[in-house]
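A.B. asks: Taken in order, these protein sequences are the chains called L and F.
Here the first sequence is numbered in the UniProt record's numbering, starting from 1 and rising by one per residue.
Here the second sequence is numbered in the UniProt record's numbering, starting from 1 and rising by one per residue.
Since the hints were derived computationally from the structure, they do not count as laboratory data.
Note that beta-carbon positions come from the ideal geometry of N, C-alpha and C, so glycine has one too.
Please note that the accuracy of each hint is not assured.
To be verified - Derived, one-sided and incomplete: chain L residues facing chain F with beta-carbon distance under 10 Å:
hint, residue
1, Lys23
2, Leu27
3, Glu30
4, Ser31
Claimed, not checked - Derived DSSO-like pairs: lysine-lysine, alpha-carbon spacing no greater than 27 Å straight-line:
hint, chain 1, residue 1, chain 2, residue 2
5, L, Lys23, F, Lys109
6, F, Lys20, L, Lys43
7, F, Lys75, F, Lys20
8, F, Lys109, L, Lys43
9, L, Lys46, F, Lys109
10, L, Lys23, L, Lys46
11, F, Lys109, F, Lys75
12, L, Lys43, L, Lys23
13, L, Lys46, F, Lys75
Stated by the list, open to error - Computed spacing ranges between beta-carbons, pair by pair:
hint, chain 1, residue 1, chain 2, residue 2, range
14, F, Asp145, L, Glu30, 39 to 49 Å
15, L, Arg34, F, Ser41, 19 to 29 Å
16, L, Ser71, F, Thr142, 41 to 51 Å
17, L, Glu16, F, Arg48, 13 to 23 Å
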Amino acid sequence: MPIEMSSRRSRITDEEINELISKLQSLLPESRRRSTSRASASKLLKETCSYIRSLHREVDDLSDRLSDLMSTMDSNSPQAEIIRSILRS
Amino acid sequence: MEPKSCSGDGNPSRNLHPSKPLMAANFLRCLSRIQQTATNSSVGSRSRRIRRAAYASMAYSAGHRRAWSWALLRKLRCRRVRPVILPRRPRIARPQVVIEIDRAEVLRKLVPGGTGMDYCRLLEETADYIRCLATQVRLMQTVTDSISS
């Protein structure tokens, strides 16, 4: 960050931001954390973006899988009963 | 679907994180309804409904107290979103420093509502969004495992 930019911000904000950056790092899964252990903030942001994208892909994939599974379920199947019992409890 | 209000509505000292049982209940209700009403639809369209339900139930569980969940609910146009005056509603930040915006440009597009907030707020929202998203993924994995076993 250029010097002239950093002088505009208070020290407190810089600290807050560093804390938030470390918190983000702690949320990354182990495999992604290793590559960013001594990384710059921008590297960590990139890794965070990559992680979010992979989570979005997992939601897509799991939606496809669930849709497949549900097409084999009819309303009287044992799987449907599982869902009903979870909702009741 | 009955919108579950998030825990601690209006009480700032309570935990902001949505509970897992709450997210599970919301999502399973959606699945159950999809199962009942989409028996003749294609696998693809049911998959899209499930995907939408995943994001909707996740955002419902987080409620209005997060910018990302509020932005998601608006985007999904969930009619049950109450028009509430939000004390913590994010204001559009004036562009502060060009460097600051550029470094988070990609992240802003990935986090719902990310384009209208300052850098600090964006980092907070990202952390919460990641937590909820990861929980939702685990939840869907669990449901998939229990159905296919």
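A.B. asks: Quick one, are Lys46 (chain L) and Lys109 (chain F) close enough, alpha carbons at most 27 Å?
C.D. replies: Given pair Lys46 (chain L), Lys109 (chain F) holds - Cα atoms ~13 Å apart, limit 27 Å.
A.B. asks: Is the interface hint satisfied for Ser31 (chain L)? The criterion is a beta-carbon contact with chain F at less than 10 Å.
C.D. replies: violated (14 Å)
A.B. asks: May I ask you to test the interface hint for Leu27 (chain L) with respect to chain F, counting a Cβ-Cβ separation under 10 Å as satisfied?
C.D. replies: holds (5 Å)
A.B. asks: Has the given pair, Lys46 (chain L) with Lys75 (chain F), been kept, meaning a C-alpha gap of at most 27 Å?
C.D. replies: holds (25 Å)
A.B. asks: Would you check the hint for Lys43 (chain L) and Lys23 (chain L), treating anything up to 27 Å between C-alpha atoms as holding?
C.D. replies: Holds: Lys43 (chain L) and Lys23 (chain L) sit about 14 Å apart, inside 27 Å.
A.B. asks: Quickly compare the C-alpha distance for Lys20 (chain F) and Lys43 (chain L) to 27 Å and report which way the hint goes.
C.D. replies: Violated, at about 31 Å.
A.B. asks: Between Glu16 (chain L) and Arg48 (chain F), does the beta-carbon spacing fit 13 to 23 Å?
C.D. replies: violated (39 Å)
A.B. asks: Hinted pair, alpha-carbon criterion (27 Å max): Lys75 (chain F), Lys20 (chain F). Please report holds or violated.
C.D. replies: The hint holds at about 23 Å.
A.B. asks: 39 to 49 Å was suggested as the range; check whether the CB atoms of Asp145 (chain F) and Glu30 (chain L) agree with it.
C.D. replies: For Asp145 (chain F) and Glu30 (chain L) the Cβ distance comes to about 22 Å; the hint is violated.
A.B. asks: A range of 41 to 51 Å was offered for this pair. Does it hold for the Cβ distance of Ser71 (chain L) and Thr142 (chain F)?
C.D. replies: violated (20 Å)
A.B. asks: Can you confirm whether the C-alpha distance between Lys23 (chain L) and Lys109 (chain F) stays at or below 27 Å?
C.D. replies: At roughly 20 Å apart (the allowed maximum being 27 Å), Lys109 (chain F) and Lys23 (chain L) satisfy the hint.
A.B. asks: Mind checking the alpha carbons of Lys23 (chain L) and Lys46 (chain L) for me, to see if they're no more than 27 Å apart?
C.D. replies: holds (15 Å)
Against the hints set out earlier in the document, violations occur for numbers 3, 4, 6, 14, 15, 16 and 17.
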